[in-house]
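Trainee: Sequence:
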Amino acid sequence: MQDKLAAKLIGDEKTFPLKHRIFNVLALIGIFMSFSAGIINIILKVG
3 MQDKLAAKLI GDEKTFPLKH RIFNVLALIG IFMSFSAGII NIILKVG
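The opening residue of the sequence shown carries number 3 in the numbering used here; numbering runs sequentially from there.
Note that these hints are calculated values from the structure, not bench results.
Please note: incorrect hints may appear among the correct ones.
Below are the BS3-like pairs computed for lysine-lysine, each with C-alpha atoms no more than 30 Å apart in a straight line [unchecked claim]:
# : residue 1 : residue 2
1 : K21       : K6
2 : K16       : K6
3 : K21       : K10
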(Lines of atoms letter the chains of each structure in order from A and count residues from 1; the text may use other names and numbers.)
(Lines give C-alpha, C1' and ligand atoms only; values in the text may rest on other atoms or scores of the structure.)
Protein backbone atom coordinates (compact mmCIF):
# COMPACT_ATOMS: atom_id res chain seq x y z
CA MET A 1 0.00 0.00 0.00
CA GLN A 2 2.77 2.46 0.88
CA ASP A 3 4.52 1.66 -2.39
CA LYS A 4 1.42 2.63 -4.35
CA LEU A 5 1.01 5.87 -2.41
CA ALA A 6 4.68 6.74 -2.84
CA ALA A 7 4.46 5.99 -6.56
CA LYS A 8 1.47 8.31 -6.88
CA LEU A 9 3.08 11.16 -4.93
CA ILE A 10 6.68 10.89 -6.07
CA GLY A 11 6.37 9.16 -9.43
CA ASP A 12 6.81 5.67 -10.76
CA GLU A 13 10.42 4.51 -11.12
CA LYS A 14 9.76 3.19 -14.62
CA THR A 15 8.16 6.40 -15.86
CA PHE A 16 10.08 9.22 -14.16
CA PRO A 17 13.87 9.62 -14.00
CA LEU A 18 15.62 10.01 -10.65
CA LYS A 19 16.00 13.78 -11.13
CA HIS A 20 12.24 14.26 -11.40
CA ARG A 21 11.48 12.03 -8.43
CA ILE A 22 13.98 13.94 -6.25
CA PHE A 23 12.34 17.22 -7.31
CA ASN A 24 8.92 15.81 -6.41
CA VAL A 25 10.15 14.80 -2.94
CA LEU A 26 11.64 18.25 -2.35
CA ALA A 27 8.44 19.91 -3.56
CA LEU A 28 6.37 17.80 -1.15
CA ILE A 29 8.71 18.72 1.71
CA GLY A 30 8.33 22.40 0.82
CA ILE A 31 4.54 22.11 0.72
CA PHE A 32 4.53 20.43 4.12
CA MET A 33 6.85 23.07 5.61
CA SER A 34 4.73 25.93 4.26
CA PHE A 35 1.52 24.38 5.52
CA SER A 36 2.92 23.67 8.97
CA ALA A 37 4.43 27.18 9.23
CA GLY A 38 1.05 28.65 8.37
CA ILE A 39 -0.64 26.58 11.07
CA ILE A 40 1.99 27.61 13.63
CA ASN A 41 1.58 31.28 12.68
CA ILE A 42 -2.17 31.00 13.19
CA ILE A 43 -1.72 29.29 16.56
CA LEU A 44 0.80 31.90 17.73
CA LYS A 45 -1.31 34.71 16.19
CA VAL A 46 1.74 36.07 14.39
CA GLY A 47 0.17 36.74 11.04
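Trainee: Now, for every hint given, state plainly whether the structure supports it.
Mentor: Here is what the structure says about each hint:
| no. | hint | result |
| --- | --- | --- |
| 1 | K21 / K6 | holds, 20 Å |
| 2 | K16 / K6 | holds, 13 Å |
| 3 | K21 / K10 | holds, 16 Å |
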